[in-house]
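Enquirer: Letter by letter, the chains look like this.
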Amino acid sequence: MSKALVVYLMSGPETPELAEAAVAGGADIVELGFPFSDPLADGPVIRRAAERALAQGMRTGPCLEGLAEIRARLPETPLVPMTYSSLLEAYGWDRFAADAEAAGATSMIVADLPAGEQPGLRRVQLVAPTSTDERIRLAAEQTDGWLYLVTVTGTTGARDDLSPALAGLVERARRATELPLYAGFGISTPAQARAAAELTDGIVVGTSALEAADQGPSELSRYVASLRGALDETA
Amino acid sequence: MELTYGEYGGRFVPETLIPALDELEAGWREAWGDPAFRAELDELGRTYAGRPTPLTLAERFAPGKRVYLKREDLLHTGAHKLNNALGQALLAIRLGKRRIVAETGAGQHGVAAATVCARFGLECVVYMGEEDMRRQHPNVERMGLLGAEVRPVEFGKRTLKEATSEAIRDWIATVETTHYLIGSCVGPHPYPELVRELQSVVGREAREQVLDAEGRLPEIALACVGGGSNAIGLFAGFLDDSEVKLLGVEARGASSLGVGRTSVLHGSRSAVLADEDGQVLDAESISAGLDYPGVGPEHAFLRDTGRATYVSATDEEALAAFQQLARTEGILPALEPAHALARVPELDEELVLVCLSGRGDKDLDEVLRALGRR
Numbered sequence: 001m002s003k004a005l006v007v008y009l010m011s012g013p014e015t016p017e018l019a020e021a022a023v024a025g026g027a028d029i030v031e032l033g034f035p036f037s038d039p040l041a042d043g044p045v046i047r048r049a050a051e052r053a054l055a056q057g058m059r060t061g062p063c064l065e066g067l068a069e070i071r072a073r074l075p076e077t078p079l080v081p082m083t084y085s086s087l088l089e090a091y092g093w094d095r096f097a098a099d100a101e102a103a104g105a106t107s108m109i110v111a112d113l114p115a116g117e118q119p120g121l122r123r124v125q126l127v128a129p130t131s132t133d134e135r136i137r138l139a140a141e142q143t144d145g146w147l148y149l150v151t152v153t154g155t156t157g158a159r160d161d162l163s164p165a166l167a168g169l170v171e172r173a174r175r176a177t178e179l180p181l182y183a184g185f186g187i188s189t190p191a192q193a194r195a196a197a198e199l200t201d202g203i204v205v206g207t208s209a210l211e212a213a214d215q216g217p218s219e220l221s222r223y224v225a226s227l228r229g230a231l232d233e234t235a
Numbered sequence: 236m237e238l239t240y241g242e243y244g245g246r247f248v249p250e251t252l253i254p255a256l257d258e259l260e261a262g263w264r265e266a267w268g269d270p271a272f273r274a275e276l277d278e279l280g281r282t283y284a285g286r287p288t289p290l291t292l293a294e295r296f297a298p299g300k301r302v303y304l305k306r307e308d309l310l311h312t313g314a315h316k317l318n319n320a321l322g323q324a325l326l327a328i329r330l331g332k333r334r335i336v337a338e339t340g341a342g343q344h345g346v347a348a349a350t351v352c353a354r355f356g357l358e359c360v361v362y363m364g365e366e367d368m369r370r371q372h373p374n375v376e377r378m379g380l381l382g383a384e385v386r387p388v389e390f391g392k393r394t395l396k397e398a399t400s401e402a403i404r405d406w407i408a409t410v411e412t413t414h415y416l417i418g419s420c421v422g423p424h425p426y427p428e429l430v431r432e433l434q435s436v437v438g439r440e441a442r443e444q445v446l447d448a449e450g451r452l453p454e455i456a457l458a459c460v461g462g463g464s465n466a467i468g469l470f471a472g473f474l475d476d477s478e479v480k481l482l483g484v485e486a487r488g489a490s491s492l493g494v495g496r497t498s499v500l501h502g503s504r505s506a507v508l509a510d511e512d513g514q515v516l517d518a519e520s521i522s523a524g525l526d527y528p529g530v531g532p533e534h535a536f537l538r539d540t541g542r543a544t545y546v547s548a549t550d551e552e553a554l555a556a557f558q559q560l561a562r563t564e565g566i567l568p569a570l571e572p573a574h575a576l577a578r579v580p581e582l583d584e585e586l587v588l589v590c591l592s593g594r595g596d597k598d599l600d601e602v603l604r605a606l607g608r609r
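Chains as they are written, first to last, in my numbering: chain U, 1 to 235; chain W, 236 to 609.
Next up, chain U with everything else stripped away, as it sits in the complex:
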C-alpha cells in the first residue's frame, strides 16, 4: 500500500494555491496551521510562520474561510486543521468542531490537548517517545482515523538524522492499534522520509514544507514530489 504523505502549511492568503501545489506534488493530506501567539510544541520556523500569519490577520474566522476555499479547490483531499487550545477555548470547543467540519475539515489536531482531555472533541491524537504504553493505548482509543507519532522528544523542526526513538515507538504503537501510524516532527529530507516510512504508514512534514512554500508554489510542489518519490520507493 502506498505510504501517506501529510504536508503542513500555515494558514495565509496564499495557502489555497500552496495546498493545490502540495497535492499536485503528491501530498495525500494537508494539515492546516491555525496560528497561535504562543505555540509551545513548535520550533522557531513554525513559530515565526505563526507570527507572520497573525500579523496578516489570520485569526480563527479567516482561517476557517481559508479552509473552506481549500476544500472547494481540493474536494477529495483530507484537510486537518492543527492548532492550540486557546483558540478553541475562545471560539467555543463544540462550535469550533462544528464550524471546522462545515468548512471542510476532515478532523483536527490540537497540539497542547493530550489524550484524555476533552474526550468529546474528535481529533487526531499524538503520541511521543516518552508516552507510556498506557498513554499510547488511550490515544489510540480516542484518535480519529490515524495516530500521529512524534518521532523526537522535542519541538517541531528539522533534524540531521531520523530519530532513533521512532522504531521503538512504532513497535509499541503497533501493539496498541491497527490504525495507520504517521510519523512527524524532525522529518525533512527524502532519505529521512524513506527511512521513517519503512517503519510506518506515512509521514508528516511541516518545517521544511513551510521553508519550501516560502519559495512559492512550484518549489513546494517540487519538494513534495521529492518526498513522494522517496515514499513510493518503500511502497
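Calculated from the structure, these hints are not laboratory results.
Where is the CB? At the ideal position from N, CA and C, for every residue including glycine.
Check before you lean on any hint, since a few could be wrong.
Unchecked claim - Under 7 Å between C-beta atoms, here's a sample of chain W residues computed to sit facing chain U:
1) 249
2) 291
3) 408
4) 412
5) 603
6) 606
Unchecked claim - With the C-beta cut set under 8 Å, the calculated list includes, among others, these residues of chain U facing chain W:
7) 86
8) 87
9) 130
10) 218
Claimed, not checked - Calculated from the model, a selection of chain U residues having no Cβ within reach of chain W, i.e. all distances over 12 Å:
11) 20
12) 76
13) 85
14) 178
15) 198
Use these hints to put chain W onto chain U, whose structure you have.
Expert: Frame of chain U; chain W shown alone:
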C-alpha cells in the same frame, strides 16, 4: 476534563510532557508527605535561607494604620523566590534529575534557581527575555557568577511570557534528564499546587507573627500578583480565616485578573490577557516580575469565589510607593511589592499585612531612569 481549581488549571501541554508531569506529581506527593523531606527543607530554610523572615511594623509609611511588612526581601537572594527554588531542587534530586531549566522575568527566580543549583551541584539553564536582561542587568551578572547559563530570548516582546515558552520548549526536548523549575504558581498541574505549598511558609509565619505582635489577625493581607506566587503563599496562611480580607494587586498594564478572559497559556486554563480569538496579548509594566499576561489558576478561582479581591496599580503609583517606603522606613522594596504598597494608604482597614516579596536593589537603574535621574 480534570481541572484543578474549579474551571481553572489542568494540563494543556504536548503529550511529550504528560508522563513527566505524572512522575512529578507522584514524586511531589510522596516528598510532601515525607517528614524527612519537610525536615530537610525546614533546616535549609533556617540555616541557609534565613527563615523565619522578620515582620516589621511600618509606622511612618501609612500614618494612622498599623502596617506590618512580611520581610521576604530579607530572605537569601533577596526575594521569596528561594522558598520555591529550594523545595523544587530537593524534589528534582529525589526524581534523579540533575539538570534544571527555569524562566525568569525580574531575574529573582533565575537567581534563586541558580543559587540552589550551585548549592546542590546541579546544571542550571535560565531563559530570560532580552528586554528583561537589559532592565535587570545586575541579576544577569549574579546568575553568571553562580554558575548558571542565561539564554537570551529574542522574539516577541522579549520578556517573561516568551522566556516561559522557551523554558517549556527546552523541557519538552530534555524532559528525561531535566526538571523544569517553574518560578510561579502557573503552568500545568501539579505546578500551581506545588509552588503554592512551597510558598505557604510565608503565610504561616506571617499569621503567627501578627498574632504574637497584635494578639489578633490582620484585617487585610495584601500582595502583588504577577504569576502570583508570593500572593498565594501569603493567602494560604489565611484562607480559612474568613474575617481576613485578601487583596491581590496587579500591574495596571498586566491585569489579567482584572480585564483578562479565560484562556489557555503555558499549560493551564486561567485568566489571561487575550483577545477575542484567544491570541495572547502583551502585558506592559515597569516591573519585570509583574509583566506577564497570565496568572496562576488558583487566583482566578479565588477571584470567582469572592474569597480574594484583585485590583491594580500603575507604574507611577508603584514608583511613588517605592520612594515613600524608602524615605519613611529605610527599606528599598522591589518594584513588584511596591504595587501592593501603593494600595495601602487608601484602605479602610487599620491592621494591615503586606508581603514585601523582594528587595529593590535590582531595580535601581530602572527607578532612576523612570524618575529622570539617569
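Enquirer: Hint by hint, which ones does the structure fall short of?
Expert: 2, 4, 5, 6, 10 and 13
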